[in-house]
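Chains as they are written, first to last, in the numbering used here: chain A, 1327 to 1810; chain B, 9 to 408.
These aren't lab readings, by the way, just hints derived from the structure by calculation. Any given hint might turn out to be false.
Think about it this way: if two alpha-carbon atoms lie no more than 25 Å apart in a straight line, the pair counts; the simulated DMTMM-like pairs of lysine to aspartate or glutamate are [as the list claims (entries may be wrong)]:
no. : chain 1 : residue 1 : chain 2 : residue 2
1   : B       : 332       : A       : 1534
2   : A       : 1728      : B       : 240
3   : A       : 1728      : A       : 1747
4   : B       : 332       : A       : 1749
5   : B       : 315       : A       : 1747
6   : B       : 315       : A       : 1652
7   : A       : 1606      : B       : 330
8   : A       : 1675      : B       : 23
9   : A       : 1394      : B       : 386
10  : A       : 1496      : A       : 1485
11  : B       : 296       : A       : 1402
12  : B       : 132       : B       : 59
13  : A       : 1594      : A       : 1758
14  : A       : 1495      : A       : 1506
15  : A       : 1397      : B       : 23
16  : A       : 1728      : A       : 1769
17  : B       : 332       : A       : 1796
18  : A       : 1496      : A       : 1381
19  : B       : 332       : A       : 1758
20  : A       : 1397      : A       : 1407
21  : A       : 1675      : B       : 330
22  : B       : 296       : A       : 1757
23  : A       : 1472      : A       : 1534
24  : B       : 296       : A       : 1607
25  : A       : 1728      : B       : 386
26  : A       : 1728      : B       : 302
27  : A       : 1394      : A       : 1381
28  : B       : 332       : A       : 1747
29  : A       : 1472      : A       : 1364
30  : A       : 1345      : A       : 1796
31  : B       : 315       : A       : 1712
32  : A       : 1495      : A       : 1364
33  : B       : 332       : A       : 1727
34  : B       : 296       : A       : 1749
35  : B       : 296       : A       : 1758
36  : B       : 21        : A       : 1402
37  : A       : 1558      : A       : 1575
38  : B       : 132       : B       : 386
39  : B       : 21        : A       : 1395
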Amino acid sequence: MSARPETITAVAESGETYKHGFVTEIESEFAPKGLNEDIVRFISAKKQEPQWMLDWRLRAYRRWLTMKEPKWARVEFPQIDYQDAYYYAAPKGFGSGPKSLDEVDPELLRTYEKLGIPLNERMLLAGVAVDAVFDSVSVVTTFKEKLHEAGVIFCSISEAVRDHPEMVKKYLGSVVPYADNFHATLNSAVFSDGTFVYIPPGVRCPMELSTYFRINAANTGQFERTLIIADKGSYVSYLEGCTAPMRDENQLHAAVVELVVLDDAEIKYSTVQNWYPGDKEGRGGIYNFVTKRGLCRGRNSKISWTQVETGSAITWKYPSCILKGDNSTGEFYSIAITNNHQQADTGTKMIHMGRNTTSRIVAKGISAGGSQSTYRGLVSILPGAEGARNHTQCDSLLIGDKCGAHTVPYIEVRNPSAQVEHEATTSKLSEEQLFYCRQRGLDTESAVALLVNGFCREVLQHLPMEFAVEAQKLVGVSLEGSVG
Amino acid sequence: MRHYAKTGLPTRKQEAWRWTDLTPLYDHLGKPSAPAPSTASPLAGPFAAIDCWRLTFINGVLQNSSADLPAGVRAISLRAALNEDASLAANLSAGEGAAFLSLNTALLNDGAFIHLAPDVRLLKPLHLVFFNTGNAQIRNLVMLAPRAAMTLLESHYGAPDANYFVNQASDVHMAEGARLSHYRDQAESPNALHFQYLNARLEAHCAYDGFTLTRGARLSRYEAHIAINGAETDCSLNGVTMLDGAQLSDTTCVMAHLAPASRSSQMFRNVLAGQSQGVFQGLIRVAKAAQRTDARQQIKALLLSPKAVQNAKPELEILADDVKCAHGASAGQLDEAALFYLRARGINEAQARALLIAAFLDDAVAQIRGGNGVDAAEIRNPLQAAIGAWLARQLAVTHV
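Work the whole structure out from these sequences, hints included.
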């Protein structure tokens, strides 16, 4: 039995409940509209970057000019005019980043408080350090001193280029080369800010690190770059959150995230993506075209991606793991919720190169309204991956008859000792379960939220505590018809 | 031909041909066929001993006729049928967007035309025997009127050393309530290139049961496009692929559910030795109207050697919300624990391996339902024997 019509309507209704859709009135400084070499030079100069960084950006830009936008994903959007956007927007006076919290415009601080991310350290929940990125610049990075004591470097990437050039030079582009793909190449040319993390050997990062991205200015794209390096035997858990105002035009968010994990180290990377998804008619919203890739370089290293994708008009990303070190492990836990006119084409790639490498993929897709959700994933076992092991599970839940759920897994096996398994199911919200809940006094909306949370349980339990609570709420809210 | 001229041959850059390299084919294009021999080599293989009506084709040209077919059944050369009634051509798909199908439509030599009148049920199978020595573009048209039922067998083989390119396409039209059991043995010569395109359209209350044993040809592709166009239709599509040496075989299935309450299942088993490559691409497409669909698909591959490669893409595309769809894919080697269990009971290694592989492949063979004039066992037993013989040869080579 499929969901009853009233359930479907209840779910589809109230598309206007995006809670982070306000705009902060703040004076911003823009680079001239459009994209050319001068803009790339402008951004680089704004960031006071050394020559080698500018050269790298220009190489990327020139390569980008020769590339064509890929069309293979199951997402539809009008041709993006890359000349009709600002590639740099910063709150006034942020030329080189603020020195301390006192210099930050109070309006900005209030914005983050409204979003539930207080930047004043006294007010913070102990245990999470935040790098707040507003449009093109990093506003503030908290708990820097405390982390410094542990030897952890946690700063904006612009600062890292200035203060730790040897490390940035060594690792930037080592996982996602500047010519990797159309959007990553564009990012390499114009990335404005982002986060840099280095965990020294043997250190277990004393607190969760997190970056909070906010797009505010109209007509801008956000291009951030995250680079996380976990040296031998270290561990870090990193969280990423995102929101944007409600606007009628689409905005592009093309980020690149690179993770490098050395021997016996582990990175746990969690995302709760809640960009503005557009309104009920599908107007506006963020195009979230992101390249995320981690390299397990060392023996026994581990990368774990957990993502809750509830926002964005279009989500198009595949957080991936290259399992190069022997015995390394890659994990991917994902929930993608689409409603109204949202489109998601997401999944992962697990490239097994080393011996006894293991990977696990759990992807849950929930489509409601008129949305389309696709899982696309690659599991590749290369000849050297003796004893490699993969298990993939993709489940889709459909709510309503105007949405679609698609599964496109690619499996390539070049070593007979490998064991690769893929399972997928698609089903609808069971009316029997709904009835059971309603009969016990839950209204339809809470019943749907409860069932969907149960469906996502396997993924939600991999989120760090602070995020799990938020994500659970988001899942419920998103199916009220708004976002999650 | 115009479609073909527009698209040309596919390359690996195209999504549907991602894992199949057509380079060996280029040697064959534009070369005229060698003159055909007047008689075919004696038929061997799993269907040789079955009591049935047989039509033999050499390079796609029909050699005999079956005079004793019951009333309401026609089985003649497609060319003859088209000469009789040119309007039949409307039932041949043009092949827009599918290079091999459009090439076939443009250049077709000949093939079989099979037509069953309403309510006609064949009491024994009809067997199409394709013996090839040179390049051939073969086209079959199978039309079953309402409630007609039959078993159709196909054997593909060639002169042992011949190097040729066979491009065969079949259009199958099943009217309401028709039943077709369609079992194929592809045992082309080791140098051959074999392309097979099945285009089937199933109306309401039909039952289609398909099985393909793929063991021959250097490069082969079996591409099935099945459109379930009516409600309460049952479609089962299964296969076993056994490859060795440098063989590459590609199985590509598109199962399109266009009407409500139909059921489809696909079960494929590959066993790969040498440097062979197995490719499986399966798409289950459920249209908005196809509520209450139950669709299943499973592909499993066993890799017997370190150089063997399996690529798989089991795809789901679902636009209706009240459906049950599941697919599974796996690749790996024999379970060491099971092997140990048998060894501990005194079965030697080669035998133990053969037993386990045969059991693995039997998942697909066991799907054969029979009926329509033939017992399931009559089909399964000789297929199992062919699998056993292949395994004996393999294991003797690699393990004794």
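The hints, checked one at a time:
1. 332(B) with 1534(A): 41 Å, violated
2. 1728(A) with 240(B): 23 Å, holds
3. 1728(A) with 1747(A): Distance of about 31 Å is beyond 25 Å: violated.
4. 332(B) with 1749(A): It holds: about 13 Å lies between the C-alpha atoms, which stays within 25 Å.
5. 315(B) with 1747(A): 20 Å, holds
6. 315(B) with 1652(A): Holds, because 20 Å separates the two Cα atoms, which is no more than 25 Å.
7. 1606(A) with 330(B): 24 Å, holds
8. 1675(A) with 23(B): Holds, at about 17 Å.
9. 1394(A) with 386(B): Violated - the C-alpha atoms of residue 386(B) and residue 1394(A) are around 56 Å apart, more than 25 Å.
10. 1496(A) with 1485(A): 16 Å, holds
11. 296(B) with 1402(A): 19 Å, holds
12. 132(B) with 59(B): With Cα atoms ~7 Å apart, residue 132(B) and residue 59(B) stay inside 25 Å; holds.
13. 1594(A) with 1758(A): Roughly 37 Å separates the two Cα atoms, so the pair is violated.
14. 1495(A) with 1506(A): Distance of about 17 Å is within 25 Å: holds.
15. 1397(A) with 23(B): 12 Å, holds
16. 1728(A) with 1769(A): Status holds; Cα separation ~23 Å.
17. 332(B) with 1796(A): 32 Å, violated
18. 1496(A) with 1381(A): 15 Å, holds
19. 332(B) with 1758(A): 16 Å, holds
20. 1397(A) with 1407(A): 15 Å, holds
21. 1675(A) with 330(B): Between residue 1675(A) and residue 330(B) the Cα gap is close to 30 Å, so the pair fails against 25 Å, i.e. violated.
22. 296(B) with 1757(A): Status holds; Cα separation ~20 Å.
23. 1472(A) with 1534(A): Since the Cα atoms of residue 1472(A) and residue 1534(A) sit roughly 12 Å apart, the hinted pair holds (cutoff 25 Å).
24. 296(B) with 1607(A): 21 Å, holds
25. 1728(A) with 386(B): 46 Å, violated
26. 1728(A) with 302(B): 19 Å, holds
27. 1394(A) with 1381(A): 22 Å, holds
28. 332(B) with 1747(A): 20 Å, holds
29. 1472(A) with 1364(A): Distance of about 39 Å is beyond 25 Å: violated.
30. 1345(A) with 1796(A): 13 Å, holds
31. 315(B) with 1712(A): 12 Å, holds
32. 1495(A) with 1364(A): Within the cut-off at roughly 23 Å; holds.
33. 332(B) with 1727(A): 14 Å, holds
34. 296(B) with 1749(A): 23 Å, holds
35. 296(B) with 1758(A): With a Cα-Cα distance of about 23 Å, the restraint between residue 296(B) and residue 1758(A) holds, given a limit of 25 Å.
36. 21(B) with 1402(A): 21 Å, holds
37. 1558(A) with 1575(A): This hinted pair is violated, its Cα atoms lying about 45 Å apart.
38. 132(B) with 386(B): 11 Å, holds
39. 21(B) with 1395(A): 16 Å, holds
Of the numbered hints listed earlier, those contradicted by the structure are 1, 3, 9, 13, 17, 21, 25, 29, 37.
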